[in-house]
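With chain D fixed as given, assemble chains F, Y and H onto it according to the hints.
Residue numbers (my numbering), protein chains in the order written: chain D, 1 to 226; chain F, 1 to 226; chain Y, 1 to 226; chain H, 1 to 226.
Be aware that a few hints might be false.
Because identical chains cannot be distinguished in the list, a pair is counted as satisfied if it fits within a single copy or across any two copies.
Claimed, not checked - Here are the simulated lysine-lysine pairs, DSS-like style, with alpha carbons at most 27 Å apart:
no., residue 1, residue 2
1, K87, K23
2, K126, K87
3, K195, K118
4, K26, K168
5, K195, K168
6, K118, K87
Please keep in mind that the hints were generated in silico from the structure rather than gathered at the bench.
A quick note: this is a predicted structure, and the numbers were derived from the prediction, not measured.
Number of protein chains: 4
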Amino acid sequence: MKHLSKLILFFPLLLLSFANPPKKVKVIFFGDSITQAGVQPNGYILKLDSIIKQSHLPNEIELAGAGISGNKVYDLYLRMEEDVLAKHPDIVIIYVGINDVWHKASSGTGTDADKFEKFYRAIIKKLQDKNIKVILCTPSVIGERNDNSNQQDGDLNNYSNIIRRIAKDLALPVIDLRNAFAGYLKVNNPANAEKGILTSDRVHLNEKGNLLVANEMWTVLQQMVK
Amino acid sequence: MKHLSKLILFFPLLLLSFANPPKKVKVIFFGDSITQAGVQPNGYILKLDSIIKQSHLPNEIELAGAGISGNKVYDLYLRMEEDVLAKHPDIVIIYVGINDVWHKASSGTGTDADKFEKFYRAIIKKLQDKNIKVILCTPSVIGERNDNSNQQDGDLNNYSNIIRRIAKDLALPVIDLRNAFAGYLKVNNPANAEKGILTSDRVHLNEKGNLLVANEMWTVLQQMVK
Amino acid sequence: MKHLSKLILFFPLLLLSFANPPKKVKVIFFGDSITQAGVQPNGYILKLDSIIKQSHLPNEIELAGAGISGNKVYDLYLRMEEDVLAKHPDIVIIYVGINDVWHKASSGTGTDADKFEKFYRAIIKKLQDKNIKVILCTPSVIGERNDNSNQQDGDLNNYSNIIRRIAKDLALPVIDLRNAFAGYLKVNNPANAEKGILTSDRVHLNEKGNLLVANEMWTVLQQMVK
Amino acid sequence: MKHLSKLILFFPLLLLSFANPPKKVKVIFFGDSITQAGVQPNGYILKLDSIIKQSHLPNEIELAGAGISGNKVYDLYLRMEEDVLAKHPDIVIIYVGINDVWHKASSGTGTDADKFEKFYRAIIKKLQDKNIKVILCTPSVIGERNDNSNQQDGDLNNYSNIIRRIAKDLALPVIDLRNAFAGYLKVNNPANAEKGILTSDRVHLNEKGNLLVANEMWTVLQQMVK
Chain D
1 MKHLSKLILF FPLLLLSFAN PPKKVKVIFF GDSITQAGVQ PNGYILKLDS
51 IIKQSHLPNE IELAGAGISG NKVYDLYLRM EEDVLAKHPD IVIIYVGIND
101 VWHKASSGTG TDADKFEKFY RAIIKKLQDK NIKVILCTPS VIGERNDNSN
151 QQDGDLNNYS NIIRRIAKDL ALPVIDLRNA FAGYLKVNNP ANAEKGILTS
201 DRVHLNEKGN LLVANEMWTV LQQMVK
Chain F
1 MKHLSKLILF FPLLLLSFAN PPKKVKVIFF GDSITQAGVQ PNGYILKLDS
51 IIKQSHLPNE IELAGAGISG NKVYDLYLRM EEDVLAKHPD IVIIYVGIND
101 VWHKASSGTG TDADKFEKFY RAIIKKLQDK NIKVILCTPS VIGERNDNSN
151 QQDGDLNNYS NIIRRIAKDL ALPVIDLRNA FAGYLKVNNP ANAEKGILTS
201 DRVHLNEKGN LLVANEMWTV LQQMVK
Chain Y
1 MKHLSKLILF FPLLLLSFAN PPKKVKVIFF GDSITQAGVQ PNGYILKLDS
51 IIKQSHLPNE IELAGAGISG NKVYDLYLRM EEDVLAKHPD IVIIYVGIND
101 VWHKASSGTG TDADKFEKFY RAIIKKLQDK NIKVILCTPS VIGERNDNSN
151 QQDGDLNNYS NIIRRIAKDL ALPVIDLRNA FAGYLKVNNP ANAEKGILTS
201 DRVHLNEKGN LLVANEMWTV LQQMVK
Chain H
1 MKHLSKLILF FPLLLLSFAN PPKKVKVIFF GDSITQAGVQ PNGYILKLDS
51 IIKQSHLPNE IELAGAGISG NKVYDLYLRM EEDVLAKHPD IVIIYVGIND
101 VWHKASSGTG TDADKFEKFY RAIIKKLQDK NIKVILCTPS VIGERNDNSN
151 QQDGDLNNYS NIIRRIAKDL ALPVIDLRNA FAGYLKVNNP ANAEKGILTS
201 DRVHLNEKGN LLVANEMWTV LQQMVK
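With the rest of the complex left out, here is chain D (with noise of 0.2 Å):
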């Protein structure tokens, strides 16, 4: 009796296993245009998810893209209870900066880079409130060019330092994009280009663009859910 018993009760418990499959782990892409369309057929979120599929983790990793265009890091700021918080993400990756700095010039409506970094923080700060994990992304590109002349690289080059210092204060992940972006472009534009390599139209990201983001998200995001 007392062996059969303890069988009927492992029973359950089995089938109870079998029902709920070990939660996945929940990641958030919290960003502008290049992550709205990151969800788009080619889009650095789907490439992620194949990489993810055929990884040693096929089953454990659920990403869901949370971009609008237009967004600047204080758009991210007003929408993140509802676009991200009610969602109970795991992790968050922000990809957040481009527009910060080409609004400046194209419609007089970009963000000073103090109040980039006190949004910045802000939107961390709310984030591991939560116990949610935060991994930072520098902004990619306006331009291809290699040899630091497109017009916004300085303060491409300005944001994404004020974003590795907060990365390097709160030990914090952080993908490089900027750099990758930089590295990759010094190889393969020799023709010194403005676009047409990673990016259609100087900032969205054409498939290789897709492809190199998702290849250097995979590398930190690995580290986080192994």
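Leaving out everything else, chains F, Y and H in the frame of chain D:
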């Protein structure tokens, strides 16, 4: 005996009255450098305080400044928990918009009209969620010429229209400083000077400007506390 | 004898008249994309040509466009030798200023007011040095809202004031398009739309806009050729 | 007779030589506020004059400043007849471009890259038409950080590339200040400060900056007058 008992009953009430005077209505002024200067001598908040002291409500209203130089609407949103909600005001007067317009030209970091409205409404919502009454102000001036030829006049008129529309939508009182300044300058700026009538530098208020703002505010504020 | 001599005197003049028809007054329109489009079907220059053909001066005025998209006042100055002086006009109508104002916000490359005036006066001087008559135009619109709430209204009003002041200083005729558009839109834009009344896109003229400009120009131009 | 005739021929030449000492080579520095300050004590033009006085050519070169604060390339073009051509220089050193880039962000009134090139070439052409030799300079710095993270670094690099390309096209000497400053700051700005190494305020030269410019200029200038 009768008289005595009355006296006995009366005393505790009197003591109570001394111990717990009627709670004052707490008004916070939430804005930029103009509001930051509002608590300086000759500032509009001190002037309003003097006006109130001489009114029929000398002891019922308490004023507090929450202005920070350079602030735009999203800066108010970022710091409102700490600087406003934590202080439990009864009424908040929002006076913002000048930097949102001005910084477009002066540093490329103004605020797009649609985002101005979004953050403005988000601030109001957070205040109303705490049962705080809200009063809106239209932005005063960037330049005092009275023929609509100051560089930012069109944009200030547009942002004022946005604020008036929000006020109408939400049935909130609005202190129409834009209108009040225009009316005053029509009469009192015959030489069509850029500054020196109500401002010292095209934006920041001189004593007359502070007095005008204080009077405009009192007209609306007394409706809410009488 | 008397009659004969008259006849003799008369004949050579008649012959001369056939051999050398009265030289037409040559008018060049010097400006930006609005003027570049002015020589297209429905463009204001073609419309003005039709008006002239039906006037009391059908054969006395010759019109030529010299508009290039994106031009600001200093672009006109740079290319005026080749595009205007080399063509020996009798009258030049200058219609510029919209890009000088607009490009401040759209690319950070507008023209400061003081430099706008300097180059404007330098163009006039070069034309007058060649005995060319000059007619000035105030810039029409960037946005058609009629309550002075288009972003650039203040600046356009300011640059219009500059042009009016130059015209007064130098006793030159001015075609006040800014004024004419404002008057028209006050009456014909009851919904306060941003575009679609006189422009297709807030700036470039639709057929009604081209007709309005042609009519305004004719009113001034015929004073100079009658 | 033979000797005498030689002597006779010789004397007038000798007298002529005494009466008309060898004409000095006149060099005009054509630029903005940096050049305007160049003729002040410690300014780069005075420093260059000192360097020349101690060189092998102490009496052969005459320097004159033609710098005006706030000037962009089109301002040089506008005033070049009066301020440069009228003074009959032998050599003109053009040092412009900082305001063309800087004013994009600070007032929305910078110069588009294509128009910068157009006016730059137009200035050179007018100088060469008068047989004046032209030396170009790349723009120095807006901010002294040495990791390409000053806001305008990308744009300054782009405008420097334009100037280098013009110089190559027209086989003109170029004083590459952009390069010289970068090299110096790499070594001498270990704290990556924004200012205080070669400038007082990120743009205007301190004594070391003026000396660096003077030395760079002398290296190129002496090639043209030796």
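Here is how each hint holds up against the structure:
1. K87 with K23: Cα proximity of K87 and K23: one copy only (14 Å, versus 42 Å across).
2. K126 with K87: both (14 Å within a copy, 21 Å between copies)
3. K195 with K118: between (32 Å within a copy, 24 Å between copies)
4. K26 with K168: within (24 Å within a copy, 42 Å between copies)
5. K195 with K168: This pair counts as between: shortest inter-copy Cα distance 25 Å, intra-copy 32 Å.
6. K118 with K87: both (24 Å within a copy, 22 Å between copies)
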